[in-house]
Amino acid sequence: MTYHPANRYLVFGLLVFLLLLGLILFKNATNILVTVSKPFWLVGDYWGEKIYTLSSIFVSKTRLLLENKKLRETVAALEAKLVNYELLAEDLTTLREDYGRNREAEQPIIARVLSNVWQNPYDIILVDVGWGNRLKDFAVGDLVRAHDTILLGRVAAVDKFSSKIQLFSTPGTEIPVTIGREAVPALAVGRGGGNFNITLPRSLDIAIGDPVTVPSFGVEVILGIVGAVDKDSSNSLQTLYLRLPFNLSNLKYVAIHPS
Amino acid sequence: MWQSIPARVGYLLFLLGAVLFLPWWLVALLVLILLMVVNHFYEVVAAGFFFDVLYGSPQFLPWRFPLFATIGLLLLVPILEKIKKVLIFYA
Numbered sequence: 002m003t004y005h006p007a008n009r010y011l012v013f014g015l016l017v018f019l020l021l022l023g024l025i026l027f028k029n030a031t032n033i034l035v036t037v038s039k040p041f042w043l044v045g046d047y048w049g050e051k052i053y054t055l056s057s058i059f060v061s062k063t064r065l066l067l068e069n070k071k072l073r074e075t076v077a078a079l080e081a082k083l084v085n086y087e088l089l090a091e092d093l094t095t096l097r098e099d100y101g102r103n104r105e106a107e108q109p110i111i112a113r114v115l116s117n118v119w120q121n122p123y124d125i126i127l128v129d130v131g132w133g134n135r136l137k138d139f140a141v142g143d144l145v146r147a148h149d150t151i152l153l154g155r156v157a158a159v160d161k162f163s164s165k166i167q168l169f170s171t172p173g174t175e176i177p178v179t180i181g182r183e184a185v186p187a188l189a190v191g192r193g194g195g196n197f198n199i200t201l202p203r204s205l206d207i208a209i210g211d212p213v214t215v216p217s218f219g220v221e222v223i224l225g226i227v228g229a230v231d232k233d234s235s236n237s238l239q240t241l242y243l244r245l246p247f248n249l250s251n252l253k254y255v256a257i258h259p260s
Numbered sequence: 175m176w177q178s179i180p181a182r183v184g185y186l187l188f189l190l191g192a193v194l195f196l197p198w199w200l201v202a203l204l205v206l207i208l209l210m211v212v213n214h215f216y217e218v219v220a221a222g223f224f225f226d227v228l229y230g231s232p233q234f235l236p237w238r239f240p241l242f243a244t245i246g247l248l249l250l251v252p253i254l255e256k257i258k259k260v261l262i263f264y265a
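From first to last, the protein sequence lines stand for chains A and B. Numbering-wise (this note's numbering), the first sequence opens with residue 2 and increments by one. Numbering-wise (this note's numbering), the second sequence opens with residue 175 and increments by one.
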């Protein structure tokens, strides 16, 4: 059945009317749609994990054993590193306190990720904390981090039961950073999806895996690690490709740090 | 069958579900396919509005306009209808 032209125009007119209504009620529309969508996201998340677990039935035992062995080795190596890390972190906290620089002024607000960055082209993460269900005040512009030390972005909008987080990796966003132990200053440019580009003179020695930190927010936080270095002998510059040290698609919780 | 009202409602519900669960580029591809298959699929604008309200951020969107997908689809539907008239489909 095709639409009669008159009906077609009616449908079109109705949509325009709804659009105008939506423009007027835009703030409330977000609250309503997020409230309606939230159960679907949570159920989808639950079933996604179930399906992933079920899919492991079809993985061969040999492959699982090999993977298990490899993971055990990685865990052992990381545990050894962690001992050093904890000692160093304690030293650093003591030093900062001695010099009057406390690491954190306030405890962060933990928020669950409802919709991740791959679901929209705007580098937005939707979380389940808003002005209606917050434990403490936070506002647009507050910093958002993941896994304690990794800087993600800023709060872009606060609705009743949800908030939008704009990632620093939004295309075109520039952020001053320092690279590696020698703290080479540079400007990271967002490329979307948690990725950044940095252009530096070719003579600077940057290695893959070097941490990239952001010193300008009072506390030292990591923006990412150097994932690849593009050096061309005919070019006086080199391009660094940064990536996050974890998979952004698997992100479940973020921490909002009220300023 | 493709153009019946229940089918059209089904496409719209499917698109709304896709906005919630699928990557945005896959949603965009589905929208284009449905716009080619379904005549005068103006209902897709509602899916665009749903997308804008959920994910739109005035701090980033082109020209800081919060309803980019809605208006984009509202313009795209009649343009695609014009293009479809000059295309020949062999089934």
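For the record, the hints were derived by calculation from the structure and aren't laboratory data. Among these hints, one or two may not hold up.
What the simulated footprint calls covered on chain B by chain A, stretch by stretch (three residues with Cβ under 8 Å from a Cβ of chain A suffice, anywhere in the stretch; the number is not a length) [said to hold, decoys possible]:
(1) 195-207
(2) 213-220
(3) 254-261
Okay, the calculated beta carbon distance ranges per label pair [stated by the list, open to error]:
(4) A:V37 x B:N213: 23 to 31 Å
(5) B:K256 x A:R135: 46 to 54 Å
(6) A:P186 x B:I262: 56 to 64 Å
(7) B:E255 x A:H148: 31 to 39 Å
Note that this is a predicted model, so its numbers are computed, not measured. Where a beta carbon is used, it is the ideal one built from N, C-alpha and C, also for glycine.
Status of each hint after checking the structure:
1. Closer than 8 Å: that is the beta-carbon criterion, and the segment 195-207 of chain B has 5 residues meeting it against chain A, so the requirement of 3 holds.
2. Here the segment 213-220 of chain B counts 6 residues with a CB under 8 Å from a CB of chain A, which clears the bar of 3, and the coverage holds.
3. With a threshold of 8 Å between beta carbons, the proposed coverage of the segment 254-261 of chain B by chain A is violated, since 0 of its residues qualify and at least three are required.
4. For V37 (chain A) and N213 (chain B), the hinted distance range of 23 to 31 Å is satisfied, since their beta carbons lie about 29 Å from each other.
5. Between K256 (chain B) and R135 (chain A) the beta carbon distance is about 49 Å. The supplied range of 46 to 54 Å therefore holds.
6. Range check, P186 (chain A) to I262 (chain B): Cβ separation about 60 Å, and the 56 to 64 Å hint holds.
7. Between E255 (chain B) and H148 (chain A) the Cβ separation comes to about 49 Å, which falls outside the hinted range of 31 to 39 Å.
Violation of the numbered hints given earlier is confined to hints 3 and 7; the remaining hints are satisfied by the structure.
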